[in-house]
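Protein chains: 4
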Amino acid sequence: MIDKNLIEAENAGRQADLAQDYQSLGERLARRGVDIDALTDRARAFGVAVPSWGTGTGGTRFARFPGLGEPRGIMDKMDDCGVIHQLTDATPSVSLHIPWDKTDPALLLEKAEETGLGFDAMNSNTFQDQPDQAYSYKFGSLSHTDAATRQQAVEHNLECIEIGQAIGSKALTVWIGDGSNFPGQTSLSRQFDRYLDSMKQVYAGLPEDWRIFSEHKIYEPAFYSTVVQDWGTSLMIAQELGDKAQCLVDLGHHAPNVNIEMIVARLIRAGKLGGFHFNDSKYGDDDLDSGTIEPFRLFLVFNELVELEDTPGLNLAHMIDQSHNVTDPIESLIVSACEIQRAYVQASLVDRTALEGYRQDNDALMAAATLRAAFRTDVEPILAMARARAGAAIDPIAAYRASGYRAHVAQTRPRVASGGGGIV
Amino acid sequence: MIDKNLIEAENAGRQADLAQDYQSLGERLARRGVDIDALTDRARAFGVAVPSWGTGTGGTRFARFPGLGEPRGIMDKMDDCGVIHQLTDATPSVSLHIPWDKTDPALLLEKAEETGLGFDAMNSNTFQDQPDQAYSYKFGSLSHTDAATRQQAVEHNLECIEIGQAIGSKALTVWIGDGSNFPGQTSLSRQFDRYLDSMKQVYAGLPEDWRIFSEHKIYEPAFYSTVVQDWGTSLMIAQELGDKAQCLVDLGHHAPNVNIEMIVARLIRAGKLGGFHFNDSKYGDDDLDSGTIEPFRLFLVFNELVELEDTPGLNLAHMIDQSHNVTDPIESLIVSACEIQRAYVQASLVDRTALEGYRQDNDALMAAATLRAAFRTDVEPILAMARARAGAAIDPIAAYRASGYRAHVAQTRPRVASGGGGIV
Amino acid sequence: MIDKNLIEAENAGRQADLAQDYQSLGERLARRGVDIDALTDRARAFGVAVPSWGTGTGGTRFARFPGLGEPRGIMDKMDDCGVIHQLTDATPSVSLHIPWDKTDPALLLEKAEETGLGFDAMNSNTFQDQPDQAYSYKFGSLSHTDAATRQQAVEHNLECIEIGQAIGSKALTVWIGDGSNFPGQTSLSRQFDRYLDSMKQVYAGLPEDWRIFSEHKIYEPAFYSTVVQDWGTSLMIAQELGDKAQCLVDLGHHAPNVNIEMIVARLIRAGKLGGFHFNDSKYGDDDLDSGTIEPFRLFLVFNELVELEDTPGLNLAHMIDQSHNVTDPIESLIVSACEIQRAYVQASLVDRTALEGYRQDNDALMAAATLRAAFRTDVEPILAMARARAGAAIDPIAAYRASGYRAHVAQTRPRVASGGGGIV
Amino acid sequence: MIDKNLIEAENAGRQADLAQDYQSLGERLARRGVDIDALTDRARAFGVAVPSWGTGTGGTRFARFPGLGEPRGIMDKMDDCGVIHQLTDATPSVSLHIPWDKTDPALLLEKAEETGLGFDAMNSNTFQDQPDQAYSYKFGSLSHTDAATRQQAVEHNLECIEIGQAIGSKALTVWIGDGSNFPGQTSLSRQFDRYLDSMKQVYAGLPEDWRIFSEHKIYEPAFYSTVVQDWGTSLMIAQELGDKAQCLVDLGHHAPNVNIEMIVARLIRAGKLGGFHFNDSKYGDDDLDSGTIEPFRLFLVFNELVELEDTPGLNLAHMIDQSHNVTDPIESLIVSACEIQRAYVQASLVDRTALEGYRQDNDALMAAATLRAAFRTDVEPILAMARARAGAAIDPIAAYRASGYRAHVAQTRPRVASGGGGIV
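Residue numbers (the UniProt record's numbering), protein chains in the order written: chain A, 1 to 424; chain B, 1 to 424; chain C, 1 to 424; chain D, 1 to 424.
These are computed hints drawn from the structure, not numbers from a lab. Computed from a predicted structure; not experimentally measured. Take these hints with a grain of salt, some might be off.
Repeated chains share a single entry, so a pair holds when one copy, or any two copies, can fit it.
To be verified - When the alpha-carbon atoms are kept at most 20 Å apart in a straight line, the in silico SDA-like pairs for lysine to any residue are as follows:
(1) LYS138 with VAL416
(2) LYS102 with PHE62
(3) LYS200 with SER189
(4) LYS138 with PRO414
(5) LYS138 with GLU70
(6) LYS272 with LEU241
(7) LYS138 with ASN362
(8) LYS200 with ARG190
(9) LYS272 with GLU240
(10) LYS138 with ALA410
Working from the sequences, and respecting the hints, build out all of it.
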């Protein structure tokens, strides 16, 4: 963890400017009828889970270029997550990935207490083979043609639940790579039936207070068809499984040009939106840092969430899911958490009374202008104040760099060699 | 209509070659265990509806360039449809569009008898304003913020049902352009609620033996959001309305790269696939002639339909929906009907026993090769023989051109001026 | 034109807040080493041309829903453009479209003086047929197989130059719809050769101080191939024609996912970037208001332009090209001009010294953060102050609405009926 | 290699059917004025290079699932390539990848003689780090900000040329992953300048009779910008480097919806088309087997190549570039070579005289029908006869499976463990 004194020292030099910017913004917001402190409180109450795997440098099928101080395992990863939360106060929980993070639950709980973190949704992994695995997932897992392979995948998911129960998680996210690479390779319909059968077995093992999240993705690693290819299929799954099953929306898992905020609105209408995997993308499932490619799109997603936040039963799991290939993963996760929080605060700024009036009058121009007015408001002082008030860093990246954390852990964490990705 | 003697004369010169090709193909198919005559019977039993509006030259927002002998109204359009069916024996019915085709039902029935055609699904139109209309659809129809406008749109749909009942139609297809052009312009959620409310009123007016088809489209004419934007939303609509509501898939209404045959499989699984609007496209809703851009995609759609053809309750409405901007519409519709029929016959050729074996063994290569073997079989002799046996044309385009039909109708149908599209 | 007193009165009530916001922003910018007045001067020096055709309500192939007070011709359109410039001080010129705007050049010059506007690039139209035209453009214009049709299109372009010379324009933009709807319909290579031959004739008629802009577009109205489909082809054209030929980039004319700012950088490198058609889009060539769908993308385009603004010989023609289907076109053009100016000012804010340092160090995170810091700065006070100092409106939309201009012109401009687009 | 007797035995059982099918197809083609033997000769003269790396099982960033008998190095890979050529007679050369295939050139030449193969274009690799490498390519190679890193990448390319010279190759293909993951991370313009500078050094080292191929790709592994992102940039590179520089088109490296055959026609017009990397794809750079996803697209590419085959100076390098994740790579390469050959033969079948007539008359329907008539001709008998006459296999997959080659090599090649891809 980072020394609190360092954070305080870093904040000290920024406090005066922040106070002035906060006051000035507060006055401008007051003119629009908005109470800045109420927004700061909303910001403080907002949290997004960090994926344990996101703390390591990611790669592509072509190559992976690790950085210094790569985490050696889940204990290191939780240390890194602890730093992110310490500096941002925006990432109170970690989402684990089994078997990557498999270890003694007691150790996990101990580390959670040490780092001040909780555990969000568990993630199963049936898109890779593990060394000791009886059946290969080369041709599928939960939807495999072979019953024994499906059973193995079901049991793995049940084990994830078991581990999750031991550490206080309340949800399981299921994402599989199952699909096909060639027209004809698989029966699109029967493969889906097999998937549903397997999922019903997993669902049957779900504790009463748990949820299961179905996560769709249009393609990759399967390149012709994917069993859970879009939100329509994900909805069918959630409907068929039952009340504890909901849909998870990853921002990068859609076809080009798709309007994601509409999907958000539809899934809320269906009572089936369970949560998000946040990231940003330009081409495919690029898994880039949230809010760095198309920030207005992220804002529009949160605009739906804020507009519909009073929907009865809405209970969203916010998670980051990114691949950090060219940055320090801790820094990318810090920035991403802040960008997600920014979009939430900007969406909270929308003058909804005015907006509804314009909509009712079909005043498209002013309705759109109302959203843009919120989006272009620089809410950085609100985010910074929320952090300052929580004892986190006014400028988290600066504080992180000042702390020398990465160099420090690099002393004990061994250097990892660059390597090819999946292609060789 | 075209003189039967002309068709016979045209066929006479082609009969010998056809007989030889049919026999040769039959021998090759027999080697694969396929009975060519059974396929020819399947081809003969296959039909696809022609859209009345497709008989006129289409255009874009930039311009429209009519040809000679443009149909003056529904009577001319049905004459043209009659010719298409006469030459192909593959288009036994017409799909009407109200108010474009509105006229005395008795006249429609009389013309239907004269041309040997029936009436497929009715199509309502609330994406344009009619001269005598009380409320404008500029800002929406069934989902408009204004109740009176919604009511007008509901009543128009009920009127379509009424007309359809008078002429023996059994279904209503609802496609609307409602949506928005700007983020914020409309509440994505409440606009959908209003749409559902309106549709429930239309549904309530549906006769017992009718179906209503919900047709989705990703964009155009709305360019930011569309109320029924994808099959997921369409499925929610069909589920909420009831058993008589089903989804209609237009091949050109999807996001780029989307795997359409998966949607077909999913909707059949959900018991909600109602039918198709066939066409082809490369970029957006290009409405090009079926099978001319990506013929393998059309084949893969039919591969699902044939694989799942014994699904209980499956009852599909096959319709063409195209815009013919640079061809004689009659010729494009002839070609399209034949290409759709071709895909159906090719899909019927798939060695499904072998395919299932390969799938079970995860022999991706041979499974894919099995589909391709069917696709690359030149089934033209089967299609031609099906036509010949029905008294239609072995080569429909040649017969049509030989008939001089277009020049003939151009004598009575006045020349139509070129014009701008929607932009000026 | 709008009464100056009204603008002054409108501004009066906003002056105090603006002064305060401007000062506060100035202080914050000063902290970053930025002189706010220098930015305001840059904003004031920035201008973008308005397309004459943009002042009328646009439509789609499905329908067009005109508003009140539609302009009756180029004189009305220039009045509307005058109002836009009066309120924004950001649109000093108009881009004409021939033959839509064809009239006595003396009248155009008179109206230009009256409205305080100049004339930007001329636009030819060979994608529609005119009533008196000898040859149809149904199958192409500058690239038609028929020499006489090509000649007609060449002469039309030469006439556009002639008109342009009479009114002080210095450039011709050539965009054609030529292409094909079906594989095989045209020889992709020979059609391009014919296009180049025609363009060489147009180029030969270009005055010494003129430029010709080649504008590419991936599709629509042609749906399989388009002669000038992308910037690569456009570059080949500009290279083959000569020094006076350059490429024009329309933001909505690209394939999905394409990185437009890279094209901007490449064309500048090739010495061939001539200018822009600004608009925004989500799916295809949606022609929506600039900066309303993906504002960060617009910023990134301007980021390239500012980074490379000292490139020798760079001389860009900035034009808007949009279709206003659901808004008052004057309002949309006002908003769009302001959003384009906003992106320019935000891009001018980038700390380029810091940015270069981060780039040199491969500090991807901080380099990206540097761009985002500029983008999220709310520069509205700068834009508003630029307007105020020029005697334009602090809040142009509010002033426009207060003026009652639309209702006023609706008294003399007759109501236009809604109509179908190109489809019927 | 596979025992010739086995091939003969396999062929023996298929000879009678082939003879009959060949004769029957010959009669049908003769009716269309086509000499089947001339086509068979064209088929026999056609060849496509196999990528050495394609003989190993590929993977994604998520996982890689090797099969049995994975090649241990370039000697094994050439054995596998030899089998492919032996069975298809369509893959006379191998394309090497350095450093993956780096070994004593004398051994390569010896193995080439043994397997009857030649060497096509060399491929350099600066998208991965090698264990002994001084500078990392994490942030770029030929376009890196650091001069020493660029120099290292230049020298690697020069070494590839050196190796290539020793084994009789005549071309170098340069594909790099350089780009950026975030807006701002790199200067789009200066990064390109650096790339050009480096490429000029490589070009300077090119022997007189060599060519260098510039290969573009829209994205991956860089996810925001890629230095050589499209054919326009690739063309600029080839123009700037000189006559020995040409562009290589990989079918999967384009934006969605892009018309690839137009790019082919344009690059031929510019005198800059050097060759292809063949594969197929549905979503991104899926690297699937050629002709298995959109066979008509492959046909349309070859349609351009055949239409323009007499273009002076045209000299194309045909290569396969695929990733075989779920099939036996040898089988996928066999099928792909055959599908590429099939598209070439189908394109050779087009009645070009008729086609030109239809084009001249703007008879879009018949022009398109003319292409489709060629495409739907089942030319399998021609391909099979071409193989039979060369002593290759009538049914290469059946012969390969009958040979037991994979099981045989699996006895000496050790089992490779499944592994994660780039993500962990």
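In rising order, the numbers of the hints this structure does not comply with: none
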